[in-house]
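Chain B: place on chain A using the hints.
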Amino acid sequence: MKKEDMKKVGAIAVIGGGVGGMQASLDLADSGFKVYLIDTKPSIGGMMSQLDKTFPTNDCAM
Amino acid sequence: MKVIRKPRYVDPSKCTGCGLCAQYCPVESIDSYNAGMGIVPGIFVEYQQAVPLIYTINRDVCIGCGLCAQYCEADAVDYTQKERTDVLDIGAVIIATGTETYDVEPLTEYGYGRYRNVVSSIEFERILSASGPFRGLVLRPSDGVEPKSVAFIQCVGSRSLVKGNEYCSSACCMYAVKEAVVAKEHLHGLDISIFFMDIRAYGKDFDKYVERAKDSGVKFIRSRVSNIKENENTKDLRITYESDDGKMQTNTFGMVVLSHGLCTPPSSSELAEKLGVELDRFGFCRTGEFTPLETSQPGIFVSGTFQGPKDIPETVMQSSGASALSSELLVTERGSLITKAEYPPKIDVMGIGPRIGVFVCYCGINIGGYVDVPAVSKYVESLEGVVFVDTNLFTCSQDSQETIKQKIIEHKLNRVVVASCTPRTHEPLFQETCESAGLNRYLFSMANIRDQCSWVHMQTKEKATEKAKDLVRMTVAKARLLEPLERLTFDLTKRGLVIGGGLAGMTAALGLARQGYETILVERENELGGNLTHIHYTLAGEDVQELLKSLRKQIKDEPKITVHMNSEITEITGFIGNYKTKIKDKDTGKESETENGIVIVATGGKENKPTEYLYGKNEKVITQQELEVKLALNSQLSTPKSIVMIQCVGSRENEKPYCSRYCCSQAVKNALKIKEKFPEASVYVLYRDIRTYGTKEVYYNKAREKGILFIHYDEDKKPIVTEKNGVINVVLKDPVLKRDLSIDCDYLVLSPGMVPQEDNETYAKMLKVPLNQDGFFLEAHMKLRPVDFATDGIYMCGICHSPKMLDESISQANAAVSRACTILSKDRIQAEGTIAHVDIYKCAACGTCEAVCTYGAVKVVENETRTGIERYAEVTEALCKGCGACASSCRMSAIDIKGYADKDIVAMIDNF
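Here the protein sequences line up with chains A and B, keeping their order. Here numbering that gives the first Met the number 0 is used: the first sequence runs in plain steps of one and ends on residue 61. Here numbering that gives the first Met the number 0 is used: the second sequence runs in plain steps of one and ends on residue 911.
Here chain B stands alone, though its shape is the one from the complex:
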């Protein structure tokens, strides 16, 4: 693969990201990071937290004045850099190029580009941000005044056959609700209305978020806006729209936000062409319903919005999934191109008094401009235990690391203190340097004299210098007490356990096996398949039973997989890398034991059983799943004249406040199937919001084209179902016609949504992992860690996480494999050094620590000690993250975090 490297005109090995160059740059360009609402210098970083934090010269605006080069103390500016082509030797490719936002300017009815107070949602996102053009204040672009009211207009450039794209962009409903909620937090009393067609809050916990938004006063208006006009004097905006009852209404707002959709940029199609990858008619990468991560080219995988519009968690799942598939392809080459860091033998520091070396950083002028660095350095020399002090222009630069290393050896330093910026970004670098000189990495401590000193006291330089002295003195006091800490390592069983043999579980088991790991697959039923056994076809017409057959065969043929059918797990003990699992055969009652290094939970879910609308009382009232079976087995459905479907039955209300995500697509799928088999039949779908997100929208449109009638109802005006002489009658208030609509039907089909399996609770307790309010497993982070539990070594996939479509379960199962491989591919498990330690003789075994630990790393145990049988808290070192929650909540002061013990903190306070 050939890659063109564009020049930065800044040497990345020298640039420290100090930002001095940008302060002196005389030219400006448009700030694309802030969506064009602002300017940046000609030499810039996109934003302060940018990675890598290296400046780049925008040669389109650069006049070559040389000021940046003149002021760069690191001598990093290099105007002579040229574009170059690198040739990379690679075994696989993952395309994750994403999408861009839809250009709203051509949609003239919204006035974007003409009316200054009409902004796009990405512009509004930047307006809300503290690093945005107004520093987080909600202000109108026209006059910089706080608006009293804001309108959001949904589906701009999306869900339209006339203007824009036919598909739904999947993320806009929720980001609009979020922007509305955040705007109201920033500006109390702000009046917000969201104009929408359907609120597509189909994701996990999304409906609850929408309900909270409604409670906080955000208004939701179901209507498509016809036009927007600006008042020339006030710059307010008048919106004309058709209300529920079909009447035209107008309303005036201070600002309008256009929720524009996602689309693929032209650069994606160019890239696709170069790689020989096929696209669909919308410009997204073409994938199969059962192969959502595979492009048309073997060895090239895809993830994220380039595969179709989606939200962040699905992007993350797909990306981990694509990682699993590409590493599976190259499994024989695992580790072949990785170099391991090698360190010199450790210097023994025990029994030797502290010999502290302190390095004080100028950080260009970031610290040096406001703190008297030589004065601080001179002062530090006088501190107890300090044997060497040095100052550096940039302590983080590569040559400084060499200097530090030399000085450690030369002066026999056994503690190192760096007084510079934040340990959040730089501690690992300096710890590596210590390690490379043979010094234990925990014999290092850092004083932040930039973020917490020079930056906040720029106006009072003398006081800043005094504060810097205080900060360094406190850190030196702590450094005197530092002890070398060991990072314990543990054995690892390279075997996986997958709980649940549905689509997700089978996919995960096959993935693990193909990565080279033995896998135990436990299934509660007598056959593999789970929900797949009830599904016969997909929206696009794929044969699901064929998929099931193929998966069962692949599992059977895979020697690395051991299947336990009709079994349940009775006990799982141990921790990451070292689990012991007892599996009970439900028929024979026989228990077997296995050891495994990781656990993938894929316990699935099941269709809810409705309790309303005559279900169970009349055999013509069936669920969507039951309908699908009847449709697939032709003989079971007598020619119907009229079929009514009711969506959200027992869903999105009271006990089950969540949306089950798949039911709308399932209803559309089954409705289309009915029309295919019985073209004369009338099909009515009664819905609250149609949630055919992404490109599934195409099938919703197709269903309407085929004459399937979609009729909206409100939660508080549900359809009324009665039976008279064997005929089922459905009555519904029609919002547009304003009269009762009465339909007699041959079949009433209910969409009752998905509920979690009952054994989720058992497994949650067994694995000490949380469930959400609805009984689905709760991930470590809703956006960024949708497959992991907070406890290391346990992962989830499929419906046990939340209801989802087949392709999403497949992606998440592959993601779980990828996450598991980050553990199973290691030779040993390494714990952190800074972890909790319990003094068992102080511990009262009250269990508070166990309750507050997010990572399942501490629990109360009963053991024999030298004073007899004692109960006390025990830390599983491999799981502990050293967060300190247990230590700070221990009322007996029995827990310390190594390296941050009470004595260390007290020494710092004493030296203040």
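Chain A extracted, bound-state conformation:
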């Protein structure tokens, strides 16, 4: 089968569930696509979940 004949699939795999992967997943799901969010850890959040606060507003990172 030629490449252009292949049927496209309305699903996207997002690898990594940190702040980046979560944002991409939310945007995609909110605009009509199925998302598989894949992470090696038992919960999402990535490195940002380890941060106490964020600059320059000192907002809580959690």
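Hints in this document: simulated from the structure, not taken from any laboratory. Built from N, CA and C at the ideal position, the CB exists for glycine as well. Worth double-checking, as some hints may not be accurate.
What the hints assert, rightly or not - List time: in silico DSS-like cross-link candidates among lysine-lysine, alpha-carbon distance up to 27 angstroms:
#1 B:Lys246 - A:Lys52
#2 A:Lys7 - B:Lys273
#3 A:Lys52 - B:Lys207
What the hints assert, rightly or not - Derived list of chain A stretches under chain B, where covered just means 3 residues or more per stretch with a C-beta under 8 angstroms from a C-beta of chain B:
#4 5–15
#5 38–48
Just chain B now, with coordinates in the frame of chain A:
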């Protein structure tokens, strides 16, 4: 794509996250969430707010004793789970695997691993956290005593050609300043010194943060530390460093924090290999300067720190951007795999008295262990309007939802109360359950008898039970008054408006068009391009004019884009999904009107015009942008012997306290170009901090290798520029040589930074969106929503948000497209049910509500009513978030939040 699913040994459909199992688990492992400073049980969640809140057994330490399974009341533990492989059918991939922190142990001069009071920055981050190993107290690991002084050492494992990585890790300067500020908040009087090479506060509002840190007493010492020695008795640490004047100094600190950089873990390269994605020499994903989100494999996109070291907002922008590019690829399949929730017809509750059903939750032992749940349940039966009461081990479990649904139907319940945990996490679940039984989702109310009762009164069980009764009684009182609320829906014009035709605006317009939406692009000048027209080459040598040519052609060839050149917008009215825009042609004065569903602001910025250093008085004093044009058009620059560049001209001081981010890289780029064209020329760059963040550092190093001289100056010791007989002379105090340095030059090149466009203010007023102090547009959240305005349906990208590099503008423009698609892809706009409502006959039209509304959802209007022409506040339902700021500030009590009206709150108070 094949994905290996590792077993949790806990059934996620049964686990309620109650945590009982972990209390009885007899084994422990190292707490990696707390950077190794603590222990967790063998069955664990990483942290209390973890999503999903499902426990996992660490089989490396588990001894299989079976206690967790025995105590799990939900019967969720399953030792027999096996690893399995899922095959996913997908159309695109986004890699967002991030980075890990650089391992500092091999850098022996810092003593990490040998001296207990030398910690890494991620460890210090956990120390500062209330959920950290010391519950937020700043304590030394060696003795648990508060340190009197802390030193931060920057660039550990970064910016080094010898040890560690050559690149700058981009985030460490700012996180160190933040940790310093927060530590001082936790421990007043704490003495903090930051040892640094350059402070790279290049992001939006970062320099202001650094200035605040200096004001609060944080000391900044420009020096590279040579070694650290521990005092064996006190465990204090002695730092030896070279000071400004070249002398060796020593200083003693109670703790040392190593600001370690970011690097890609080995697992990233394994993944890249599996996906056939190319990496650069540092292990980051290889991307192009004009295609920052595209990997070497078509259909595979990248975002975040795996693409290169960066901070959170850039990660978020790239991630939304990668989302836009992957959905663009699959645009014909939008919605094809999405299932829509279907609900039964609504039960009509009007004219029927309240029939309240109350479900009281044990939450395992979380509530049941401290509150007498049967007693609460029995008490609730006696309350007015209550016709049914039930208790559940876990009201949130899937089978409980079925029970609630059945009971609603069986007992003709028309109000539901759940007494359990927090509505923050669980209200939507129970509202869905009500909806699935045909009950309006706003006929539900929740009493929090866990977080606000059982958890805080564990020692006084009787009182906890009494308080639980109070809380449920108050909630039932409110439930009696609940009315069904409608979530209004509105039409939506599936057309985009992009203001500004520079790089960001063009990229956004093309993105929207490729997502299938008609787009109006408005540009103030006679040609598209904005700042791109002045840029000729990039640091890596890409041809920017080729990019510009290509973008202009793509726009011209795109039938979905209508361009209005030499035009300005005179009026935008309406709200998300429904804007009406008037566009005026500046030549003819003719106005046209268009309707659009979203607005992307990409008004750009421009190079500042310097007022100092003889600019405008001597034609050999030029800006970096002017130099670049001369360098690109060979004939315009006579062979120079000596060129001096001055950075931060009129930037990072007084009126323009911000850093323009790109100027250091631009100076390095132009300096390298001069050396390429005129190898004999001497080039001097006078700087305050060189901010070639990320992998741009490589070009800074290259520039130094080529013999370009970088000389530091302080804000209060600026270079002095004079002209004598047509020769420009620059005098600067050299900090190391301690004498004046005098340079005659053929050209003096100034980096004056970027200023916002004047029409930002006009557009800010027109769209009712805020600007920051410097005149750039202010986003909804500096970290997590860098593309959105607080007002729904309006987005920003490019320099109008803050000065940035080309690749960053491209990423943000794609991000704006992604955010816009979350609206444009919908059939209708849906408002919330719990929104503000104005009693226009009480309203005095004072405008306080309009002033306090963050979302631009309420404004004072003038309209004809049955009592004549009246002025009153009007709510735009589609924009209202129901936050209540207007209602609580209304002095006429004319505004109520539906579902949280004064009468509802008063009923709760009366029943206390």
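Quiz item: Has the segment 38–48 of chain A got at least three residues whose CB is nearer than 8 angstroms to a CB belonging to chain B?
Solution: holds (count 10)
Quiz item: Within 27 angstroms, alpha carbon to alpha carbon, are lysine 246 of chain B and lysine 52 of chain A?
Solution: Given pair lysine 246 of chain B, lysine 52 of chain A is violated - Cα atoms ~37 angstroms apart, limit 27 angstroms.
Self-check item: Cβ contact check, 8 angstroms cutoff: the segment 5–15 of chain A against chain B, three residues minimum
Solution: Satisfied; 9 residues make the cut.
Quiz item: Taken at face value, is the distance from the CA of lysine 273 of chain B to the CA of lysine 7 of chain A at most 27 angstroms?
Solution: holds, 21 angstroms
Quiz item: Taking 27 angstroms as the top limit, are the C-alpha atoms of lysine 52 of chain A and lysine 207 of chain B close enough?
Solution: holds, 17 angstroms
When held up to the earlier numbered hints, the structure conflicts with hint 1 and nothing else.
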